[in-house]
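Engineer: Chains B and X supply the protein sequences, listed in that same order.
The first sequence begins at 1 in the working numbering and counts up by one.
The second sequence begins at 165 in the working numbering and counts up by one.
To list a few chain B residues with every Cβ distance to chain X over 10 Å, as calculated: (1) Phe-41; (2) Pro-49; (3) Arg-58; (4) Pro-147.
For lysine-lysine, the following BS3-like pairs were computed, each having C-alpha atoms within a straight-line distance of at most 27 Å: (5) X:Lys-606 with X:Lys-446; (6) B:Lys-22 with B:Lys-5; (7) X:Lys-606 with X:Lys-453; (8) X:Lys-446 with B:Lys-5; (9) X:Lys-446 with B:Lys-22.
No lab work stands behind these hints, which were simulated from the structure alone.
Positions of the beta carbon are idealized from the N, C-alpha and C atoms, including for glycine.
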Amino acid sequence: MAIAKLSLEHHARVLSIVRALKQREGALLPILHRVQAEFGFIPPGAVAPIAEELNLTRAEVHGVISFYHDFRSTPPGRVVVQLCRAESCQALGAQALAQRARTRLGIDFNQTCADGSATLLPVYCLGNCACSPAITIDGQLFGRLTPERLDEILDAHGLGAPAR
Amino acid sequence: MSIRVYLPRDSGALSVGAEVVARALRAEASRHGTALELIRTGSRGLYWLEPLLETDSAQGRIGYGPVAPGNVPGLFAALLAGGDHPLRLGPIAQIPYLARQERLTFSRVGVIDPVSLDDYLAHGGYRGLRRALELSADQIVAEVTDSGLRGRGGAGFPCGIKWRTALGAPGARKYVVCNADEGDSGTFADRMLMEGDPLSLIEGMTIAGLAIGAAQGYIYLRSEYPHAAATLEQALAAARAGGYLGQDLMGSGRHFDLELRVGAGSYICGEETALLESLEGKRGMVRYKPPLPAISGLFGQPTAINNVLTLASVPLIIERGGKFYQEYGSGRSRGTQPIQLAGNVKHPGLIEKAFGISLREIVYDFGGGTASGRPLRAVQVGGPLGAYLPEALLDTALDYEALAEAGGLLGHGGIVVFDDTVDMAAMARYAMEFCAVESCGKCTPCRIGSTRGVEILDAIIAGRRPDQFALLEDLCATMEAASLCALGGLTPLPVRSAIRHFPADFGLSARDPA
Chain B
1 MAIAKLSLEH HARVLSIVRA LKQREGALLP ILHRVQAEFG FIPPGAVAPI
51 AEELNLTRAE VHGVISFYHD FRSTPPGRVV VQLCRAESCQ ALGAQALAQR
101 ARTRLGIDFN QTCADGSATL LPVYCLGNCA CSPAITIDGQ LFGRLTPERL
151 DEILDAHGLG APAR
Chain X
165 MSIRVYLPRD SGALSVGAEV VARALRAEAS RHGTALELIR TGSRGLYWLE
215 PLLETDSAQG RIGYGPVAPG NVPGLFAALL AGGDHPLRLG PIAQIPYLAR
265 QERLTFSRVG VIDPVSLDDY LAHGGYRGLR RALELSADQI VAEVTDSGLR
315 GRGGAGFPCG IKWRTALGAP GARKYVVCNA DEGDSGTFAD RMLMEGDPLS
365 LIEGMTIAGL AIGAAQGYIY LRSEYPHAAA TLEQALAAAR AGGYLGQDLM
415 GSGRHFDLEL RVGAGSYICG EETALLESLE GKRGMVRYKP PLPAISGLFG
465 QPTAINNVLT LASVPLIIER GGKFYQEYGS GRSRGTQPIQ LAGNVKHPGL
515 IEKAFGISLR EIVYDFGGGT ASGRPLRAVQ VGGPLGAYLP EALLDTALDY
565 EALAEAGGLL GHGGIVVFDD TVDMAAMARY AMEFCAVESC GKCTPCRIGS
615 TRGVEILDAI IAGRRPDQFA LLEDLCATME AASLCALGGL TPLPVRSAIR
665 HFPADFGLSA RDPA
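The task is simple: from the sequences and hints, build the whole structure.
Structural biologist: Laid out in structure tokens, this is it:
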């Protein structure tokens with residue numbers, strides 16, 4: 001497989017992140033978090049320079065990226081919607097909420113809208129179980145959600161077919 | 165004219181509008197020309213009342229809640245006029261839900277400004293570290309051992325024994341690691357503590373450092389908790405600036421520092437050895453034990469790795485002595501347990517009680533029964549790997565041993581309530597699905613078994629293969645006996661308990677052997 005390459009400018013940005021953090025113990029996760037914060041995802045071309053700087057193989061770096069749910073190798077939608085699917089939220093209607101979100105956005109879990117507007121992700125507990133059901137939209141946490149309230153929030157973000 | 169108002173910055177409160185209420189309060193204050201001192205606290209854990217606003221009075225703090233933004237103009241005027249308002253709950257400490265608790269670990273949560281070192285000191289903070297600096301490492305470990313404190317993360321291992329091992333293990337460096345990867349669904353006590361009283365965790369870790377001879381600690385926090393991360397960073401900076409962290413702790417010449425690390429959405433990293441791998445920058449793959457982390461942990465060095473609530477309980481134990489803490493509890497479960505009540509329940513929240521309270525008292529006396537008003541059908545105790553128990557077993561006491569006898573486990577102390585609309589076959593399938601999604605993949609029973617478990621349950625649910633129960637039982641036995649860690653080893657618990665107590669949901673009559 002061909003090794004993905006970054007533009008010179010992106011390569012320099014990745015290197016400066018790695019060099020700022022590589023002295024820390026167990027630096028790979030902090031580095032990957034910082035790269036993803038900056039690029040929105042971890043460009044496949046970032047794997048080789050990160051591996052080289054940390055004296056790891058590309059396979060090791062790729063293995064870490066693919067292990068963790070948070071790290072992604074492709075750009076996410078403009079807005080990320082995370083919907084909790086764990087027990088407490090299920091006990092208070094998370095299934096109906098998931099159905100509404102899928103219908104509104106026209107996508108299933110782990111998919112991104114064709115127009116790039118939103119990505120829908122499952123999450124297994126946001127620690128907001130006492131205010132179930134819970135979702136996050138664009139990083140903001142919402143609790144005690146009803147399908148109607150979900151519609152309002154998606155409307156406010158201009159996501160999916162507007163509710164009538 | 166000025167007025168002081170307390171309002172949580174806890175993420176649960178924020179999720180139901182606390183920030184909007186805060187903005188409305190500031191707008192009202194400027195409209196009235198009143199100086200507003202808005203103190204952001206943690207949550208009291210009375211979540212059905214959030215956003216819960218409090219003011220000072222001669223009888224202590226007075227609560228108002230739940231406050232919708234639309235209530236703020238009327239409420240603000242009422243506060244200026246003496247405080248009478250339909251949302252007034254009276255003195256907060258006298259609300260039975262709170263008054264009947266024994267808050268040791270959570271005594272400051274919801275009370276203080278979590279990132280104010282002054283507030284922490286004014287409420288008894290750093291008395292534990294002050295005393296620890298006068299003790300030898302041996303004496304600190306002895307106090308913790310005497311207290312009977314057991315790991316609050318789920319396994320319930322005696323903390324003193326763990327520390328004794330790490331203290332005695334030879335190593336060039338030693339580490340204290342806090343497991344703040346609170347991945348168990350239905351649990352949120354670690355989050356509340358870190359958002360409401362992070363300095364107690366920092367103090368506990370500092371004492372752990374003195375006890376085992378470590379100069380460096382890490383807090384490994386799950387990425388789903390961004391508010392806890394922000395609060396912890398502010399608290400770490402405050403402790404460092406005040407001389408309670410870093411070089412020369414409280415002028416003692418001793419040294420201990422801490423760094424916050426954020427996980428990346430992997431449930432298995434809550435397993436201690438997978439967490440250590442992740443901290444080292446690797447895939448979160450479970451390690452073989454032995455060696456124990458106390459002997460060979462982070463980077464192969466002796467490491468004391470404990471849960472948030474375990475470490476946050478330590479300052480009080482050192483300040484008041486092990487005996488004080490040991491007097492709470494029942495049997496071999498000493499001290500208090502922060503119980504997290506959630507799911508379909510009228511009054512969800514945080515209940516810190518001495519061990520020994522029954523599930524029925526928690527679900528009905530505290531929780532008020534189901535939120536839907538329908539009959540209660542099941543409770544799941546102890547997170548996604550905990551057993552589903554029917555109404556008939558609600559008299560079980562909440563302690564490590566009694567729950568084990570009832571075929572369950574205490575885990576991290578989460579209780580999720582379901583009404584009679586729950587389909588227990590779907591919940592059993594979910595348990596297997598969750599295991600398949602989160603398995604680290606190192607051992608076969610967990611990696612393959614969970615996927616096969618989903619398939620078998622799908623066949624049973626579709627009514628095609630009633631003969632598959634024997635196969636499912638065989639699979640559960642293999643996963644339980646042969647998995648490397650608790651994820652594969654305990655996933656059979658919710659599955660088997662669902663079949664045993666709710667056979668009808670699987671198309672079995674009560675007398676069928678499951």
